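Chains as they are written, first to last, in our numbering: chain A, 4 to 228; chain B, 90 to 236; chain C, 3 to 294.
Worth flagging that the hints you see were computed from the coordinates, not collected in a lab. Note that the coordinates shown come from a computational prediction; the quantities given were computed from them, not determined experimentally.
Pairs of lysine-lysine, DSBU-like flavour, derived with a Cα cap of 30 Å:
| # | chain 1 | residue 1 | chain 2 | residue 2 |
| --- | --- | --- | --- | --- |
| 1 | A | LYS63 | C | LYS128 |
| 2 | C | LYS265 | C | LYS228 |
| 3 | C | LYS135 | A | LYS66 |
| 4 | A | LYS63 | C | LYS131 |
| 5 | B | LYS207 | C | LYS228 |
| 6 | C | LYS131 | A | LYS66 |
| 7 | B | LYS207 | C | LYS265 |
Facing chain C, from chain B, some residues (calculated, C-beta under 10 Å):
| # | residue |
| --- | --- |
| 8 | TYR126 |
| 9 | ASP157 |
| 10 | ILE163 |
| 11 | LYS166 |
| 12 | ARG167 |
| 13 | GLU214 |
Don't be surprised by glycine CBs; every beta carbon is placed ideally from N, CA and C.
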Amino acid sequence: MWNLIRKDLILGRWTLIVNGSMALLAPFILLIPDEPPPVILYVLYVGLMCTMLPVSLIAKEDKFSATAFTCSLPVTRDDIVTSRYLGGWFIAGGWMAAVLALGLLAPAVRDLWSNGAGGALLGGLTMLGLTIAIVIPFTIRFGMNGLLFGLVGLQVLGMVLFIGALATGGLDGIERAVKSVIDAVGSYHERVGPAGFAVTVIFGVALLNWVSWKASRRIFRTRDL
Amino acid sequence: MYIYDIYSMSTMTGDLDTPETPRMRVILSNSSSEPIYEQIARQIRAQIIGGELEEGSLLSSIRSLARDLQVSVITTKRAYEELEREGLIDTVGGKGTFVAAQNPQFLREKRMSLVEEKLADAVSEARLVGLSLDDLSEMLRLLAEEE
Amino acid sequence: MEDNVLEIRGVHKSYPGFTMRDVDLVVPTGHVTGLIGPNGAGKTTLVKLVMNLITREAGEIDVFGLDNLLHEAEVKARIGFVYDEPNFPHDVNARDLGRAIGPFYRGWSGERYRRLLGEFGIPVRKRFKALSKGMQMKLALAIALAHDADLLLMDEPTAGLDLEFRRDLLEHLAAILEDERKSVLFSTHVTSDLERFADFITLIRDGEIVFSLPTSDLRDAWGVVKGAADVLARLDAPDVRGVRTGPHGVEALVANASLARTKCGPGVVIDRPSLDDVLVLMTRGDSYVESH
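Assemble the whole structure, with the sequences as input and the hints as a guide.
Following this line, the structure appears as C-alpha cells:
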C-alpha cells in the first residue's frame, strides 16, 4: 500500500511540485484585492488547489495508460483502489495543512482567521472529502476523459433543467427546494450546535468516502486493462 | 548453422571438492538431420568409449550443459538419459552425473553390437526402397568419407 | 515445489469478435515454454489473464500452485512480466522507475538493475517516451529480470529487437534456467527464437490451444512431406496436421514422419519441420482455411 503511494510520489513528483507550488501562492493571490476575503473563501481556494494534486496524479496515469503497469505490480486490485483514496487524503490533506500553516507566517493571512475559522476548516474538509469521493470512482470506471465528460454532462443537464424550469415557470419550485434544504441544514445546525454539526458533517463525509471506496473496489475488480 | 564448442567453458564448471573436471567437447549442427539430443549423446559417448572422459569424472549438469549449448533442458536431459540407459554414465542424486565404471572391452563390444543393429536397420530400409547391396555399400563408403 | 508453474483449466474469455473457450494449459516448472500462434489468436489474452489484467469469465488459473486471484499479490511478486507494449509513465526515466518499482519486490536488486541497464545500453536519465521502441522493450526486460522472478512471463519480448540482442536475451534466459526452480513462458511470432531453446511449444489458434508438446517431439517425430498432389492420398488422414498446396506440389505436415516415410515410399521428400512450418501449415494451410 505504502509502496503504491511512494511510487506515485516518485513518478509524479514534477506534477506535484508544479501544482503544489501553485497552491502555495494561493494566499498571495487572495490578498491582492484591497478588501480581504472571508477566511472560508481562502480555505476553499487552498483546498481546491490541493485536491488538484492527487487528481493530477490519477489523470497522469490514465493519460499514459499506465494502469496496466500498476496492475502488473505485486499488489491486488483492491490495494490499488485503496491507495488512491489513502494517497488522495494523504497528499491533498497533508499539503493543504502545510499551506495553511505556512500562510500563518504572513500577518495579513493570520488576520483572516480571526473570524469564522471553524466553519472555514469544516468547509475545506468537506470539499476535499466530496471531491475525493466523487472523482475517484469516476476515473476508475471511465478514466479521466470520463470524468471530464461527466462534469460537462452535469453542467449541461443543469442548464437544460434550468431552461426547462424557466419555460414551464417551475423556477420558483427549484428555488423553494434549494431554500428548504438550506433552511433544514440551518435549523439542524441550530439544534445540535456547532460541535454537533461538525461531527455530523465529518461523519457524512467519511461515510460518503467509505461508500465511494467500496463502490470503486467493486468497479475496479472487473475492469479489463 | 550454429556450432557451439563448450570445450573452454566446461573446464570452468565444477567445484574444487568434486572429481577432476571433464574435458567434454560437444559441437552441434542445426542443419544436421540427426536430432540434437542424439548429437550430444553421440559425442559424449564417443569420448567415453575413446577414453577421453575417464571413469568417475564429473560431467556438466543437465542445466549448465543446456545453457552452454543454448539448447532446451529437455534436450540435454534426453541425451543424458540415453547415455544412462546404456550404462555409460551414472547420476548420483545431489552430487551430479559421472562417467560410469565400465570394462573398456565390454564397452567396445556393446558399441559394436549397436553398430550392427543400426546397419541391420539400414539394410532393411534399403530393401524397402530396392537398393542393391552394391548401392548400399557405395552409400556407406560415401558417408564414411564424409565424416 | 510444484511440478507445474502454471495450470490453466477451462478458462473462458470473450471480447466482441473474439472468444477464448475452455482453454487448458500446463506449464512445467524449470522449463521454457513457447507460445506461438497467429496475431489475434489469443496469446496476449492468455498472458493478461494470468496477470489478472483482464478478468476471466470462467475457469481456474493456478500459478506456483496458488489461485492467481486469491493470492494475487503473492503470485505477481514472483513473476517477471513483460508486456508486448511496455507502458510506463512517459515522462519518467529508467532510474526513477527502478526506485519506484524496486521496493515492491523482495528479490529486487538495484545493483543488478543498474548492471542490466548498462549491459542493454539503456540511457538512465532519458525519459521513457524519448526511448526507441527497442529500448523501451529492453527497459521492460531489465525490470523483469532485476527481481529474481521464479516465472518470467513475457508477451512478444523480442518484438522490435535486433538479432544480436535477441541472442543476448536468450543467453540471459538460459542462465536463469540453470536454476531448476525458474521457468519461462513466452509468446512470440519469431519462432526461430524458440527453435532450440524452448522445451515445450504451445500453439494457440482462434482462442483455442491446438497442442502443447515437447519441442523435440515436433522436431524429431513430425515431418513435412513434400511431393506431387497425389502424395496426400497415401498418408494416414488422422496423422496429417496441415496441408499447403503450391504451384509445384503439396506440403503436408504429419505427426509421424517415419510412418509417412514407409507409406509414401521413394520420390517423396520428408523434412524435419521448423516451427515456422508448423505454424504456417497449421494456421494458414488449405485444410484449415477450408474448414473456416
